[in-house]
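*Asks:* So the chains spell out like this:
Protein chains: 2
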Amino acid sequence: MPEITETLEKIKSLAESKNIRELRAITEDMNDADIADAIEQLEPEERVVLFRALSRDMAAEVFAHLIPDTKEALVSQLTAPELGRIVDELFLDDAADLAEELPADVVNRILANASPETRRGINQLLQYQEDSAGSIMTTEYISLRPDMNVEESFRHIREVGTDKETLYTCYVTDPKGILIGVVTVRTMLLSQYADKIGDIMTDSNLITVNTNDDREKVTEIFQKYDFMAVPVVDSLNHLVGIVTVDDAMEVLEEESTEDFHKMAAMLPMDEPYLSMGVGELARKRVIWLMVLMISATLSGSILNHYQSVFAALPALIASIPMLMDTGGNAGSQSSTLVIRGIAVGELKLRDAFTVLFKEIRVSLIVGGGLAFVNFFYKYAMSGDWLLSLTVGISLFATVIFAQTVGGMLPLLAKSLGFDPALMAAPIVTTIVDAGSLTMYFAVASQIMNVGSV
Amino acid sequence: MPEITETLEKIKSLAESKNIRELRAITEDMNDADIADAIEQLEPEERVVLFRALSRDMAAEVFAHLIPDTKEALVSQLTAPELGRIVDELFLDDAADLAEELPADVVNRILANASPETRRGINQLLQYQEDSAGSIMTTEYISLRPDMNVEESFRHIREVGTDKETLYTCYVTDPKGILIGVVTVRTMLLSQYADKIGDIMTDSNLITVNTNDDREKVTEIFQKYDFMAVPVVDSLNHLVGIVTVDDAMEVLEEESTEDFHKMAAMLPMDEPYLSMGVGELARKRVIWLMVLMISATLSGSILNHYQSVFAALPALIASIPMLMDTGGNAGSQSSTLVIRGIAVGELKLRDAFTVLFKEIRVSLIVGGGLAFVNFFYKYAMSGDWLLSLTVGISLFATVIFAQTVGGMLPLLAKSLGFDPALMAAPIVTTIVDAGSLTMYFAVASQIMNVGSV
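In order, the protein sequence lines correspond to chains A and B.
Under the working numbering, the residues of the first sequence are numbered 1 to 453, in order.
Under the working numbering, the residues of the second sequence are numbered 1 to 453, in order.
Chain A on its own, in the form it takes in the complex (with noise of 0.2 Å):
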């Protein structure tokens, strides 16, 4: 976008020039995201002057955009004043991921300078555990009593709205808290502003979550159903706050990485590639790494085994690249579709048997193709088609052995009680090969009449 890129040179130049007017009546048509676009490509000097000319509620909404290590240089630059501004500003989830994501100390500094009813909120829902749908909620909604009619609901609206994080979906609860209605602004315009709350609210089948259900279960809700926001209420049924749907797509967001991170034998991350620091990134990676690293012994150990048949026919030798990476492959393949599966919730533990029929009618003919070009092509390359042969009937056996195996380990982790994205491609691939090694030993010893040990 040219367009944005020249805004991006004019601001710099203002930011320099320190000129606040014209970076206000630049700003002010400016959308919050790009705004904080910007904010994250200046200096630091530059930064806290165009921050600086921004309105007091656009601030705190460029503020929640920042990336964690900006809004970290920024609280160290602010005014304590200034500071405490712009977190009254912010709505509250956005304030108490604030709180999760920085450093004790500047955690501290904030809550220092937020209004006492900031720093309620704040702690209420910091109380709440990581990735529990209480600390992904917000407590800032709209709350209806049943004998208002519309009219009088879009009166409330306006005298409360403008804190509120969303006012389509307002809640509807009796004097002791217990939620006992949902009803959307779209069902008040399409009534009349005479019709009362009560008349028009869904109160039978309301969909809610607990402040201690995984956030997962959330955004489960807003896949299923088309809703704008989720209440979530405590073991009494009181209504305690609510979830929106854009935060619960940063959550299916952030699910989706950790399960590409878990695929790829790593331990889940929740910050930016670009922000987290080398030894935090090596941490992540190096235990899983190890565990493979050791269980991979076993195949040599496999290996090692067979060393006479080797020493009789080292032409044995140069397949088992092959062998290991399409065994690998095909079996990452079906715990790749089995995992996905499951995290979608397409498939369920009842579906067990017709996986494992389906890989295994599915494996007979990837299987058999492969086996069929490999041996043509093996016998092409090394005119020995007892080699041939044996390789084929290894690689045939290998991947129908990697796809069965690869399409039940994520299902009997699930039925376990375990995450099913831990049976991604490292231990099916390591599993898969002493198998497809085994076998190999196996099929050679019948067909080219070399003795096992």
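Each hint can be trusted.
Pulled a few chain B residues facing chain A out of the computed Cβ check, cut under 8 Å:
#1 Leu292
#2 Glu346
#3 Asp351
Lysine to aspartate or glutamate pairs mimicking EDC-like chemistry, simulated, CA-CA at most 16 Å apart:
#4 B:Lys10 <-> B:Asp29
#5 A:Lys12 <-> A:Glu40
#6 A:Lys224 <-> B:Glu40
#7 B:Lys12 <-> B:Asp34
#8 B:Lys217 <-> B:Asp419
#9 A:Lys348 <-> B:Glu40
#10 A:Lys224 <-> B:Asp37
#11 A:Lys224 <-> B:Asp34
Just so you know, the hints here were simulated from the structure itself, not pulled from any lab data.
All values derive from a computational prediction rather than experimental measurement.
The beta carbon of each residue, even a glycine, is placed where N, CA and C say it ideally should be.
Start from chain A and add chain B according to the hints.
*Replies:* Showing chain B alone in chain A's frame:
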């Protein structure tokens, strides 16, 4: 959820006894997505009974939630007028999706029964390219004029709103249909009834997408800005449709799934695992396996090349699986991080040097740690410290090579205009295998005094 299962049992027995009245009473209070779930679990004859018990607009909403197979079966069971009523009640983008996912003869039967207006709408949506913004938009949005005030706008919304997929974001167009502004119901609710739309609408820096833009551009906008809907315009800036946040969320999920598939060396699939045929599943998997199988013979020929080394020192063979697996895993960690970073917009081409520098430093730590542990483990197992040193040094070099290559390949692919997700574990593993074996023999010939060929 025990409550749901109980309801399902009840629905089943009512459907068996064709008790339409009771069925309608039960489903009236249920959510569309839950009714759809129930339908999926019924026998074909029971399905129709339940479906006929639903109110007209409920039937359409439930229908949109069914999986393609069930839709197809149901279409064949319904009468022509029943079908026509459902299609006319569907939101246009859902109807168009239906036309895309069902076989041609079923689609023709549906189109034949739709009203001329619906048919025109569906056909218009069908003409946009798959995966374009036009293909996921709906043409059912609310448009306002700048000289209307808030009260008039609310009245207008009440009149036309029932058919619109979202009414929270309204679009302001000039008499030629050119988009001149956007106003949310939030803004209207927080304004006075007499305020003019032209005065309260946002009319600068409007974020729009073009009908031909890739649908990924739409999800990027939703991830960056907290919008409920994004307007879709043609090349002359005429407003032609909108994409709502719930549809964008579905696209986001599909795009992640496609990345998972590509990264596991499969052609991407957009149907659920359970509804795909065995032949189709095999076809999606066999192509890349074939390519990678042929590529893996490169590593085989490296082993062939060094046959004399094995002959002299067969103990070297046992570490080959560990080296290959660890190299593959280490490389796939880096490529996964970078591919995912690019996908969520955290990493750009301009970060290539930062990534390179970071991967080198991380791999020095990770490789060093692994080599250190491996050296002592190998020494404890074999008692041969020259062999242990050879394996340790090779492992160190392999990890550095793997993580550098794994981190760089996706960025290289992107810079050449290819999909970074293709440069994942399978290809990285194949490349790293060849590299690690070469290094292994180079190190062995230096340290263990076995001449290379």
